[in-house]
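Make the full structure from the sequences, and use the hints.
Top to bottom, those sequences are chains F and P. In terms of this note's numbering, the first sequence is numbered consecutively and its last residue is 508. In terms of this note's numbering, the second sequence is numbered consecutively and its last residue is 263.
Treat the hints with caution; some may be incorrect.
Claimed, not checked - Below, simulated DSBU-like cross-link-like pairs (lysine-lysine); rule was C-alpha separation at most 35 Å, straight line:
{"id": "1", "chain 1": "P", "residue 1": "K6", "chain 2": "F", "residue 2": "K491"}
{"id": "2", "chain 1": "P", "residue 1": "K238", "chain 2": "F", "residue 2": "K401"}
{"id": "3", "chain 1": "F", "residue 1": "K491", "chain 2": "F", "residue 2": "K401"}
Just so you know, these hints were derived from the structure itself, not from any lab.
What follows is each chain in one-letter form.
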Amino acid sequence: METDDATFVQRARAGDQDAFRELVERHGERLFRLAWRITGDERSAEDAVQEAFLRAYRSLDRFDDRSQFGTWLHRIAVNAALEIMRKQEKHRPHLESPLDGPDGAGDPLPSPDPGPDRIALSQEVERAVRSGLAGLSALERTAFVLRHFEGRSIAEICRELGLGQSAGKQAVFRAVKKLRRVLEPLLVRQEARP
Amino acid sequence: MKNLTDDDLILFFYGENENPGEIREQLAASPELQARFEALRRVLSAVDSLLVPERPPSYGAQVWARLQPRLAPERRSWWPSFAGLNWAWGGLAAAALLLLAAGFLAGRLWPRQPAGEGEEVQMASALSPAARERILSGTVATHLERSERLLVEVANSEPAGAELAAERAWAQDLLLANRIYRQSARQTGRSRLAAFLDELEPILLELAHTPAEPSAGEMDELRRRIDDNSLLFKMRVVSGRLERQATRSHSDPNKKLTL
Numbered sequence: 315m316e317t318d319d320a321t322f323v324q325r326a327r328a329g330d331q332d333a334f335r336e337l338v339e340r341h342g343e344r345l346f347r348l349a350w351r352i353t354g355d356e357r358s359a360e361d362a363v364q365e366a367f368l369r370a371y372r373s374l375d376r377f378d379d380r381s382q383f384g385t386w387l388h389r390i391a392v393n394a395a396l397e398i399m400r401k402q403e404k405h406r407p408h409l410e411s412p413l414d415g416p417d418g419a420g421d422p423l424p425s426p427d428p429g430p431d432r433i434a435l436s437q438e439v440e441r442a443v444r445s446g447l448a449g450l451s452a453l454e455r456t457a458f459v460l461r462h463f464e465g466r467s468i469a470e471i472c473r474e475l476g477l478g479q480s481a482g483k484q485a486v487f488r489a490v491k492k493l494r495r496v497l498e499p500l501l502v503r504q505e506a507r508p
Numbered sequence: 005m006k007n008l009t010d011d012d013l014i015l016f017f018y019g020e021n022e023n024p025g026e027i028r029e030q031l032a033a034s035p036e037l038q039a040r041f042e043a044l045r046r047v048l049s050a051v052d053s054l055l056v057p058e059r060p061p062s063y064g065a066q067v068w069a070r071l072q073p074r075l076a077p078e079r080r081s082w083w084p085s086f087a088g089l090n091w092a093w094g095g096l097a098a099a100a101l102l103l104l105a106a107g108f109l110a111g112r113l114w115p116r117q118p119a120g121e122g123e124e125v126q127m128a129s130a131l132s133p134a135a136r137e138r139i140l141s142g143t144v145a146t147h148l149e150r151s152e153r154l155l156v157e158v159a160n161s162e163p164a165g166a167e168l169a170a171e172r173a174w175a176q177d178l179l180l181a182n183r184i185y186r187q188s189a190r191q192t193g194r195s196r197l198a199a200f201l202d203e204l205e206p207i208l209l210e211l212a213h214t215p216a217e218p219s220a221g222e223m224d225e226l227r228r229r230i231d232d233n234s235l236l237f238k239m240r241v242v243s244g245r246l247e248r249q250a251t252r253s254h255s256d257p258n259k260k261l262t263l
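Right under this line is the structure:
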């Protein structure tokens, strides 16, 4: 039978690095997926994963055994990824949404002229999704990823991000609206194709 | 029955609306509302097309390989901290310490040592000026990498309690080393390097004297200072240049150092 996380946490607390290694190997990929969706960038995601494990290791004494280790780690990773995003946002304000014009009008995408096959269409949609997500603020993107991909309720998102209920909700709403502005014209164009 | 907004529809899509039954009724009764909801659903379904880059099966092991060296307890006192340096130059670093502590200062200030002077100074004078400068470059490059790690940690985390105390002790070590290196750089005429170490010193000083329980405002101010001066970026650039200087071929020992 597979040993559970709690046993490895106890051993890691006692200084057994191999036990912590087991936890890293168990949760690494899941954390990468989460961090990549939040940061949209492999290197940043890798940094967030490293940072999350490092913080977790240093805080093992503060981990409440009644909690799930995976949930605790998830929360640490979300905050590590969000911090990285915020730093990037601060240093590279020009990466803020190209779609955030005063009226939100105009064609936000570089108008490719794809062929009719489905693969090209799905690639076009994926590019548009990436572009749309890149246009969100760090907070909007994190809240959206938690709601849409991670299935967290808005109440849980607010707890994870330390937000009030209204702020958490508004972050998700703004994210969805911005994504709609990018994706809807493309989806309508696709539907209109023969 | 209230008119449904897009926000209501978003909550409904995610199963978070307080009155889902009411929304279903309104949807069933209104083609216009159905169209709005369908448009939203299409957009949010399209988002699922986002593909996360795949990781190899060995990914967990790769993460661990990067992480494990960082889990080793930080050395907190100044002398042992030098033992943890990356001795890429074999025994040169040990000589560097002696040089920095005694050779540069004693050797340069009193170039003719009286008979019976310490072994350290003999070692110092046994090395050519170019070798001393390479050693200084390598040692300061390592010092800057360690300082960068500390600043990154402070900038990216909310240290408290024992963690903060450890970072403070680490900053004290680095501060002490920084002063010695700055002095050595000045003594050897490397004024740009000395000026850079001068620039680094105030932030190390501040970190070394962080209160045991700093307020959020104090920590924010520290982070702002780290960010505002682009210190991390400069440290990476300077450290890279120093590393190149340190590993420069012996065949070109007299090339003028830029830092």
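Evaluation of the provided hints:
{"no.": "1", "hint": "P:K6 with F:K491", "verdict": "holds (21 Å)"}
{"no.": "2", "hint": "P:K238 with F:K401", "verdict": "holds (17 Å)"}
{"no.": "3", "hint": "F:K491 with F:K401", "verdict": "holds (24 Å)"}
In this structure, none of the earlier numbered hints is contradicted; all agree with it.
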